[in-house]
Amino acid sequence: MLPILAARKPQIHEKGAEPFAMACEKQSLAGSVSQRACVFCGSRVVLYPIADAVHLVHGPIGCAAYTWDIRGALSSGPELHRMSFCTDFDEKDVIYGGEKKLYRALVELIERYRPKAAFVYSTCIVGIIGDDVAAVCRRVQAERGIPVLPIHSEGFKGTKKDGYRAACDGLATLVGSGLTEGIGPHSINILGDFNLAGETWMIRDYYRRIGVEVVATITGDGRVDDIRRAHGAKLNVVQCSGSMIHLANSMQESYGIPFLRVSYFGIEDMAKSLYDVAEHFGDETILSRGRELVRDEVAAIMPELREIRRSLEGRRAAIYTGGAFKAFSLVRSLRTLGMKTVLVGSQTGNREDYELLRELCDEGTILVDDTNPLELSRFIQEKGVDLFIGGVKERATAYKLGIGFCDHNHERKEALAGFQGMLNFAREVYRTVMSPVWRFVPRKSEAARP
Amino acid sequence: MIAPLSTVPPRACTATRNACKLCAPLGACLAFRGVAGAVPFLHGSQGCATYIRRYMISHFKEPLDIASSNFGEATAIFGGMDNLRLGLANVVRQYAPKLIGIATTCLAETIGDDVAGSLRQIRAEAGDSLPALVHASTPSYAGTHAEGFQAAVRALVDALAQARPEHEAVNLLPGPVSPADLRYLKVVFRDFGLEPIMLPDYSDTLDAPVWKEYQRIPQGGTAVESIRRMGGAKATVEFACTGDRSRSAGALLDERFGVPRHEFPLPVGVRQTDALFEVLHQISGRPIPPVHAAERGRLIDSYIDAHKYVFGRRAIVYGEQDLIVGLASLLAEIGMVPALCASGARTGRLEQQVRAVAPDIGGEATVLEGVDFAEIEERAVHERAALVIGNSKGYGLARRLRVPLVRVGFPVHDRIDGPRLLHVGYRGAQQLFDRVANALIETAQDTSEVGYSYM
Chain A
1 MLPILAARKP QIHEKGAEPF AMACEKQSLA GSVSQRACVF CGSRVVLYPI ADAVHLVHGP
61 IGCAAYTWDI RGALSSGPEL HRMSFCTDFD EKDVIYGGEK KLYRALVELI ERYRPKAAFV
121 YSTCIVGIIG DDVAAVCRRV QAERGIPVLP IHSEGFKGTK KDGYRAACDG LATLVGSGLT
181 EGIGPHSINI LGDFNLAGET WMIRDYYRRI GVEVVATITG DGRVDDIRRA HGAKLNVVQC
241 SGSMIHLANS MQESYGIPFL RVSYFGIEDM AKSLYDVAEH FGDETILSRG RELVRDEVAA
301 IMPELREIRR SLEGRRAAIY TGGAFKAFSL VRSLRTLGMK TVLVGSQTGN REDYELLREL
361 CDEGTILVDD TNPLELSRFI QEKGVDLFIG GVKERATAYK LGIGFCDHNH ERKEALAGFQ
421 GMLNFAREVY RTVMSPVWRF VPRKSEAARP
Chain B
1 MIAPLSTVPP RACTATRNAC KLCAPLGACL AFRGVAGAVP FLHGSQGCAT YIRRYMISHF
61 KEPLDIASSN FGEATAIFGG MDNLRLGLAN VVRQYAPKLI GIATTCLAET IGDDVAGSLR
121 QIRAEAGDSL PALVHASTPS YAGTHAEGFQ AAVRALVDAL AQARPEHEAV NLLPGPVSPA
181 DLRYLKVVFR DFGLEPIMLP DYSDTLDAPV WKEYQRIPQG GTAVESIRRM GGAKATVEFA
241 CTGDRSRSAG ALLDERFGVP RHEFPLPVGV RQTDALFEVL HQISGRPIPP VHAAERGRLI
301 DSYIDAHKYV FGRRAIVYGE QDLIVGLASL LAEIGMVPAL CASGARTGRL EQQVRAVAPD
361 IGGEATVLEG VDFAEIEERA VHERAALVIG NSKGYGLARR LRVPLVRVGF PVHDRIDGPR
421 LLHVGYRGAQ QLFDRVANAL IETAQDTSEV GYSYM
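Protein sequences, first through last, are from chains A and B. At position 163 of the first sequence the residue is numbered 163 (the working numbering), and the sequence of numbers has no breaks. At position 273 of the second sequence the residue is numbered 273 (the working numbering), and the sequence of numbers has no breaks.
Please keep in mind that the hints were generated in silico from the structure rather than gathered at the bench. Small disclaimer: the values here were computed from a predicted structure and weren't measured. Hints may be right or wrong, so weigh each one.
Think about it this way: if two alpha-carbon atoms lie no more than 25 Å apart in a straight line, the pair counts; the simulated DSS-like pairs of lysine-lysine are [said to hold, decoys possible]:
(1) B:K98 - B:K186
(2) B:K212 - A:K340
(3) B:K212 - A:K444
(4) B:K212 - A:K383
(5) A:K444 - B:K61
Which residues of chain A face chain B? A partial, calculated answer using Cβ under 7 Å [unchecked claim]:
(6) L179
(7) I183
(8) P373
By construction, the Cβ of each residue, glycine as well, lies at the ideal position given by its N, Cα and C atoms.
The shape of chain A in the complex, shown without the other chains:
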């Protein structure tokens, strides 16, 4: 049996065992192979899809190299976000400081690529050598006339969540600097969808069809000018609460814009995110169009979903996500497919998230916060799961144990949001769970072998 460190036990809970007091939002234990990344990662994933900005990583090459064009965040126009820019420190920069190099790099990149804004990400050692990144950004902004925003994302200064916050701080300085003329009363910003495989486009289209105007998509298929006028919208609709709630809060404070928390994964949550917006505006037309849209879309996917459910009924799944909010939707989506969630966890969930998860799950389900490969392997073996939902790092672990896998992370190229996304999700789960290759896996094939 794989051992669990004593210090990790408060971050693991089995539903049914009392009392429930999930420890979370902690710095990861030293020596633990956390699945989490760092502050920089949090900032980078949030801002990455803004397609007409220069994203310049200030520091040595690693952070830039590992985040070059890795996400399926699509753009309908410019694709500057797919370039990886880095000041690429050498020893001299560490000794003498990187400010001059940063200045030169910024000026040249702005000259060459004509971006609408530039984001400068501070990585670990920038915080140590004491570069005044903010001052360089102010200077370039004044000289070049575009927003140049320092993102304080030194990796060691907190967790990924602090990186979300740093990114939102940057976005908050952009919001409010554009003109809001012509924005109607039934207008929203879509926050926290990153347009993986075109998901923002689908969601945007649903809202358009029910008569809701979308001002800015932050940050999926994002544009600087849209973000600058986002304060003209009458409502913020926030998905992936972990990454964007800070911006929603700040826009509520500064501009009095209320927000709703939604999820676009699964039939129930997708429908609710349309109805909630309609109800917020108190508009019967929008609501009835919403009902009509949901009816049509669900009718289009149901026959195949039912077919798939027949095969998947009773199968067991494990879920490990970045933020906890997505996990709620996944538990529900799996239920739509007749599957049971026996293990669920996240890298960055908070106390409230885990309370909700616990309520949602069946008795005996294991909840984990900031887990590691050893714990995950132990639980997925113990619970005999047929499917693991996670990111690339978990995929290798699942496959090695002969368990099906569905990628629900930023690298994926399959749209899983919206109604069509639910069908795609069901098809993907079906393809992995029902594949005949599992019969060759040792723990199954040895029983079958003569």
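Please build the complex by placing chain B on the supplied structure of chain A, with the hints as guidance.
This is chain B only, laid out in the frame that chain A set:
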């Protein structure tokens, strides 16, 4: 839709745009993964370990645990000693490793953490309860993943190799090649009747069958005891030509234990492999084993069968410098032109080494160090290249040039066979040659309006 080629004229750019290199700690983690019972451990921020894991897992498609001391703000101010101690203790408790390979990130290096001193103290406190602790200094602002790999291999030898009575084993330092290459190299040595001590050996740890039960540390790798024995080996065979010769593990084995060192460029293609086999013949006293002689024969036969498809065609080659040199050698010997050889690393030796293995190419080849993919592309558009050879990160380049990409090296993130690609020896040359020739034939076929099924 394929984006048009950049029309912006080339000019100096301070920022690195789409790096053609990775950071040093990644190379160290790869090397440490090739030691039996070892856990790689990054001293620094958590993100480094997670990013590197994700990057490597996407290539090897294997679980790959890299522990981290998970620096927080206080650690960065007061030093990493406490996190290192706690982190190592937790790794020991969870993984029961035989060795922990500690590589320093740029953060630990910049705050000036005295890792060697801390490890001495931690060892003194813990007595015998700790596994072997090996430390490689790998700041990412000084060198790339290739240097990180070499630093870790040297650190392993430095920490573990002992003076032993001379024995029959031969040290093999293969460099960062694929698991398939490693497996094949062991076969070659054994076919010559030689016992290789290959360091590192991730042929099993990073290319394993499905497990029945989860393995905390995958089976396989160079045994710690084998590394100890390296001091008594009768020779060292080391593949490296662009690295700092005096800083290699082979140099250390020579200086400290007097193990004779045979240093080669990576044996890619017939001529470089011939040189390797000649030395193996000398060390073993045996002739080239018939099975390998036959492979060489078939390889040359295929060179002849396909020579007209490849002759005079120009290729763009990029990536790790040692691999570039090997590929340039192979291309030159089949009459292709390695028109642009480009690497993100700066060793100052790439051009000289490329010209040494491919003396005939003369002014036809441009060799660039310290360049990124944006600069490579700015040059490449003028090269009339028929082919691009390198890792997956040049896919965009090949796509915009509208020529095929033959994937080699690391990382291969957009195909499933990265760990199974062979590069070295006659067998590796055969694979590479077939893939290169087929890519050119396929282009000719696809771009012909006729649609021949007979090429």
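Under 7 Å, Cβ to Cβ, is where I183 of chain A needs to be relative to chain B, so tell me if that hint holds or is violated. Interface hint status for I183 of chain A: violated (31 Å vs cutoff 7 Å).
Under the criterion that the straight-line Cα-Cα distance not exceed 25 Å, is the pair K212 of chain B, K340 of chain A satisfied? 23 Å, holds
Proposed proximity, K61 of chain B with K444 of chain A (alpha carbon, max 25 Å): Holds - the C-alpha atoms of K61 of chain B and K444 of chain A are around 21 Å apart, at most 25 Å.
Less than 7 Å between beta-carbons is the criterion; does L179 of chain A satisfy it with respect to chain B? Violated. Min distance 31 Å.
Does P373 of chain A pass the interface hint, meaning its C-beta sits closer than 7 Å to a C-beta of chain B? With Cβ-Cβ at 5 Å, under 7 Å, it holds.
Check whether the Cα positions of K98 of chain B and K186 of chain B lie no farther apart than 25 Å. Between K98 of chain B and K186 of chain B the Cα gap is close to 23 Å, so the pair holds against 25 Å.
If you draw a straight line from the CA of K212 of chain B to the CA of K383 of chain A, is it 25 Å or shorter? 15 Å, holds
For the pair supplied as a hint, K212 of chain B and K444 of chain A, confirm whether the alpha-carbon distance does not exceed 25 Å. 9 Å, holds
In summary, the structure is inconsistent with hints 6 and 7 from the numbered list given earlier, while agreeing with the others.
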